[in-house]
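> One line per chain: the protein sequences are X, W and Z, in this order. So for the first sequence, my numbering puts the first residue at 1; every next one is plus one. So for the second sequence, my numbering puts the first residue at 450; every next one is plus one. So for the third sequence, my numbering puts the first residue at 930; every next one is plus one.
The hints are simulated quantities; they were obtained by calculation from the structure and are not laboratory data. Glycine included, each C-beta is placed from N, C-alpha and C at the ideal position. Errors might be hidden in some of the hints.
[As the list claims (entries may be wrong)] Computed cross-link-like contacts, DMTMM-like style, restricted to lysine to aspartate or glutamate with a CA-CA straight-line distance of at most 25 Å:
{"id": "1", "chain 1": "Z", "residue 1": "K991", "chain 2": "W", "residue 2": "E629"}
{"id": "2", "chain 1": "X", "residue 1": "K34", "chain 2": "W", "residue 2": "D704"}
{"id": "3", "chain 1": "X", "residue 1": "K90", "chain 2": "W", "residue 2": "E912"}
{"id": "4", "chain 1": "W", "residue 1": "K874", "chain 2": "X", "residue 2": "E10"}
{"id": "5", "chain 1": "Z", "residue 1": "K980", "chain 2": "W", "residue 2": "E629"}
{"id": "6", "chain 1": "X", "residue 1": "K284", "chain 2": "W", "residue 2": "D750"}
{"id": "7", "chain 1": "X", "residue 1": "K367", "chain 2": "X", "residue 2": "E390"}
[To be verified] Here are some chain W residues the structure puts well away from chain Z; computed CB gaps all over 10 Å:
{"id": "8", "residue": "I490"}
{"id": "9", "residue": "V499"}
{"id": "10", "residue": "D604"}
{"id": "11", "residue": "A735"}
{"id": "12", "residue": "P895"}
{"id": "13", "residue": "R899"}
{"id": "14", "residue": "A916"}
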Amino acid sequence: MRYLPLTDIEREEIKKTIGIDDTKELFKSIPADKSYFDLSAIPPALSEPELIAAFKELGRKNSFQEYLSFLGAGAYAHFIPEVVSYLSAKGEFLTPYTPYQPEVSQGNLQAIFEYQTMMTMLTGLDVANASLYDGGTAAAEAVLLAVRKSGRQRVLLAESLHPEYIAIIRAYVQNLPIELVTVNLNKQDGRVDLRDLQTKLNGATAAFIFQSPNFLGLVEDSGALAIASHQQQVYAIQVVTEAMSLAYLRPAADFAVDIVVGEAQSFGLSLGFGGPYLGFMTAKEEFLRQMPGRIIGQTKDLDGKRGYVLTLSTREQHIKREKATSNICSNEAWCALRAGIYLATMGKEGLARAASSSHLNAAYFVKKVASLPHVKVVYKRNFYNEVLLEIKKGTASAFLAVLKKNKILAGVPLDWFYPDVTNRVLLAFSEVHSREDIDRLLRLMGECA
Amino acid sequence: MIQLPQLIFEISRNGKIGHGLGASKVPAEPALDSGQIRAEIADFPQVSEVEIVRHYMALARLNYSLDAGFYPLGSCTMKYNPKINEKLAAAEEFQAHPYAPHDLVQGNLELMIRLEDWLVALTGLAGFTLTPAAGAHGEFTGMLIIRKYLQEKGDPRRVVLIPDSAHGTNPASAHFAGYEIREIPSSAEGIIDVDGLRPYLNSDVAALMMTNPNTLGIFEKNILAIAAALHANGSLLYMDGANLNALLGVVRPGDLGVDVMHINLHKTFATPHGGGGPGSGPVGVAAHLLPYLPVPRVVKDGDKYGVIYDSPYTIGRIKNFYGQFLVIIRALAYLCSLGRENVRRVAEDAVLNANYIRKKLEGMLDLPYHTATLHEVVFSDKNLPVKTLDIAKRLLDYGFHPFTIYFPLIVHGAMMIEPTETESKETLDEFIAVMDKILQEAREQPELLRQAPQQTPLRRLDETLAARKPVLKWRKGENL
Amino acid sequence: MALENLLFTKEHEWVRIEGDSAVVGITDYAQHELGDVVYVELPALGKELKKGDPAANIESVKAVSDVFAPLSGAITEVNGKLGSNPELVNQEPYGEGLLFKMKIKQMDELKELLDQKKYEEYLQGIAGE
Chain X
1 MRYLPLTDIE REEIKKTIGI DDTKELFKSI PADKSYFDLS AIPPALSEPE LIAAFKELGR
61 KNSFQEYLSF LGAGAYAHFI PEVVSYLSAK GEFLTPYTPY QPEVSQGNLQ AIFEYQTMMT
121 MLTGLDVANA SLYDGGTAAA EAVLLAVRKS GRQRVLLAES LHPEYIAIIR AYVQNLPIEL
181 VTVNLNKQDG RVDLRDLQTK LNGATAAFIF QSPNFLGLVE DSGALAIASH QQQVYAIQVV
241 TEAMSLAYLR PAADFAVDIV VGEAQSFGLS LGFGGPYLGF MTAKEEFLRQ MPGRIIGQTK
301 DLDGKRGYVL TLSTREQHIK REKATSNICS NEAWCALRAG IYLATMGKEG LARAASSSHL
361 NAAYFVKKVA SLPHVKVVYK RNFYNEVLLE IKKGTASAFL AVLKKNKILA GVPLDWFYPD
421 VTNRVLLAFS EVHSREDIDR LLRLMGECA
Chain W
450 MIQLPQLIFE ISRNGKIGHG LGASKVPAEP ALDSGQIRAE IADFPQVSEV EIVRHYMALA
510 RLNYSLDAGF YPLGSCTMKY NPKINEKLAA AEEFQAHPYA PHDLVQGNLE LMIRLEDWLV
570 ALTGLAGFTL TPAAGAHGEF TGMLIIRKYL QEKGDPRRVV LIPDSAHGTN PASAHFAGYE
630 IREIPSSAEG IIDVDGLRPY LNSDVAALMM TNPNTLGIFE KNILAIAAAL HANGSLLYMD
690 GANLNALLGV VRPGDLGVDV MHINLHKTFA TPHGGGGPGS GPVGVAAHLL PYLPVPRVVK
750 DGDKYGVIYD SPYTIGRIKN FYGQFLVIIR ALAYLCSLGR ENVRRVAEDA VLNANYIRKK
810 LEGMLDLPYH TATLHEVVFS DKNLPVKTLD IAKRLLDYGF HPFTIYFPLI VHGAMMIEPT
870 ETESKETLDE FIAVMDKILQ EAREQPELLR QAPQQTPLRR LDETLAARKP VLKWRKGENL
Chain Z
930 MALENLLFTK EHEWVRIEGD SAVVGITDYA QHELGDVVYV ELPALGKELK KGDPAANIES
990 VKAVSDVFAP LSGAITEVNG KLGSNPELVN QEPYGEGLLF KMKIKQMDEL KELLDQKKYE
1050 EYLQGIAGE
């Protein structure tokens, strides 16, 4: 078998060298009645052509590719330049281990250092780590970080956070002495109810965590939220699920937000049915020593040359064990490297173009859809690239079914997350949508009145 | 002489374009206030596509990689990453949006069930969740499952027992799950023995986290008795499956009394390490723990595949969407390629190779534990005229990536070597010859080791400086 | 540095008594074992500690070490220089690399500390192991 280089002759030579006759002797420490179990339940090997055929067969059972998609809600289709796939697929980037031997890992170390730098440029904050698993777990890690740093045990969660993110935060703190309190959204404008926040903030609160653009697609008044939080010495944590927004909206640092975490899948990662994605964390300098995850730093070598190393490792589990800032070991390093290649390739101008196209497409849709009487944009102000649409005639499911028949996935129905909300859908727009795509969506929406 | 590349920000020039995205064709009518829209991002890279390729090719040349050579890192299982798996994982027909309606992604859902079926067959456990993103994430998930199970029985208990040879993620994961850690010492044989365990067992103990084989490469042969003692005490046995490569197709952890275990797809199942991730850490459980698995859970319903998003006893959701799907594709492809004819060979060849290295090096290096070795062997720096670090750095000069150093903590100057089954005997002989040479240099010209590496583009980077004066990003105008 | 005026603990802290206060640092043996110090986490001013409580935290590149309160009392001063110059702990463990000062709550706890001779005997004992 091509992944097993030892020949039978070599196996015999090795057995002779180590002094055994039968391979089974290698496993004599394993209880004999449990060892060498019956393998007949295991499928036979597939040759390479058979493997390809088997996976083609599986692929044929998927038909999503035939649809024009406006799905978003935490994962976004964006255009990925070919060089990003070409370069990131290279064995020199894909197959090394974690760069614990920096002398032979400068490629990955420098690439991630560049990624860290670009993430801080986008959010305006001081430091970035080298990745977390995804946006949801990054949000949970931010909550734990705020609790550690402040010594306070209570955290406020905005109702308008992505429901999966709320679920992950709850799962992460379920056995810890941390109290989670929800801050309501104001149904009038779809954003955090500032009055409710102010009532709930107090001196026992570690942090207020909110999302912007929020789950309904709306840009929050981060400045007001951060100011209110800081009045009680509460950290303001912003979650971002659509990283592209960082290249269009004013940076969090302008609003004195303390920590920005989220999902960077939009930066060059395939939708990939949900993973692997890329959790990111950026924060003000004061949080550095409490940050979870690996961090790359610059240094000099013996001859004075500039180089990069994993640093501040004493935060991590392999040194601090149960006192570590997180249990994370393997992260999303390759995804961060790929995101770095994407950001560098798109560059200042390309990223700005993709980010503004994403908004302009949504704005175009909102303007044109006003002429359809049977649907209504719920929040016409403050959206970035996602639009919440109310179906005035019939249910959201029925509406989506008709469009699906016409090979369009016209968004995510809100009742997937909020079972009582049966008449709303969330649509996402990006630079991958041509004007014709949006016109087609509008036309078919018009036809299903 | 390799030139060290500049940073992307240093080769950036105003006006250069790297992308091929066309102009938007909708009216340029933003619906946000100008006060909500940012100014351009100062100093963001502006580089042509040509220079992007040159830059990253230069970086690639600075990396040692598994494709290029041997990585004998203990407990990492750096085995060959099959290339057909890369092609399959990149196929367009699998790249669905995670919220695509289930009827449009039946292939993807079936794929996940197929991997779960494979893992059940190989481990003897009752079911797997594929959602955790890495081994540590799996450990945390497993600890949450244990705690919820015991909570439902009336007492979650307070303590988790962890051997002194354990990987740092074990106590960290247990801690974040709300447990206190009590460390138990390994015996003189390097394993846990039941008599040594008994004094620690009381009504406070929720579980024991055992790596098997352990980080010394030694099979925890008392596992059945240990599991019995734990279960009699109302506690559970968690197995860290990082070293499953030694057991694949030979024994099933479910047959040895294991209640919960995580596995590492990026170790045993040949998915690429990517310079530190992404991994994937599926968690398997015995039947009594199935209700506690996290959501979402992919299920087969007749000849259709569906997803459960909530269940009465689930620990909840620990990851966005379904998990590391593209990593899962690679692992399934790997297993399908191995098949029943070869799964056992993986463990046999891995253990043969490790024992071959042990036999050849035990004359040259101190072997602290003489117990039988499975897939990895640990030597110490006892009686050596140089430090373990110096040997590791000298290996770089000979074109080898070093083994794992200074872990496990219970061995002084530990050198942990795991060759895996995907290395040829020729490579092993070459490695052994180089080790022989280096140890000879250690005796006769130790300065060669202390000054090593000499052949790499950079040498002995100053980690003290990096930690004392952290520079964690490029800043315009600043230069070291 | 006149070591004979200092008292020591088995955790390798040194103590200099100044009236009803104690100045605390780590010994040369300890800094040598730790390697290059990269970061020192000092206790908050006013913090009340019992003898044996973790008081401070010293990080080298590859390790972290707790520093325990040699006596019970409240922290009155911390060494502000260690923020930008943690290497002082290595270079002058008994001088500029001192860690903090505390008010002594129970003078009779001093009896439990080792004098220089006993500390050196203790070090020799460790070396012999």
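> Work down the list of hints and note, for each, if the structure agrees.
Going through the hints against the structure:
1. Z:K991 / W:E629: holds (24 Å)
2. X:K34 / W:D704: holds (7 Å)
3. X:K90 / W:E912: Given pair X:K90, W:E912 is violated - Cα atoms ~28 Å apart, limit 25 Å.
4. W:K874 / X:E10: Since the Cα atoms of W:K874 and X:E10 sit roughly 7 Å apart, the hinted pair holds (cutoff 25 Å).
5. Z:K980 / W:E629: Holds - the C-alpha atoms of W:E629 and Z:K980 are around 23 Å apart, at most 25 Å.
6. X:K284 / W:D750: Not satisfied, since the Cα-Cα distance of roughly 49 Å exceeds 25 Å.
7. X:K367 / X:E390: This hinted pair holds, its Cα atoms lying about 15 Å apart.
8. I490: Non-interface label stands for W:I490: nearest chain Z Cβ at 31 Å, farther than 10 Å.
9. V499: holds (39 Å)
10. D604: holds (30 Å)
11. A735: holds (37 Å)
12. P895: Non-interface label on W:P895 holds, nearest chain Z Cβ at 20 Å vs cutoff 10 Å.
13. R899: Given that every Cβ of chain Z is farther than 10 Å from that of W:R899, nearest at about 16 Å, it holds.
14. A916: The assertion about W:A916 is violated, with a minimum of 4 Å to chain Z.
When the structure is compared with the earlier hints, violations turn up for hints 3, 6, 14 and for no others.
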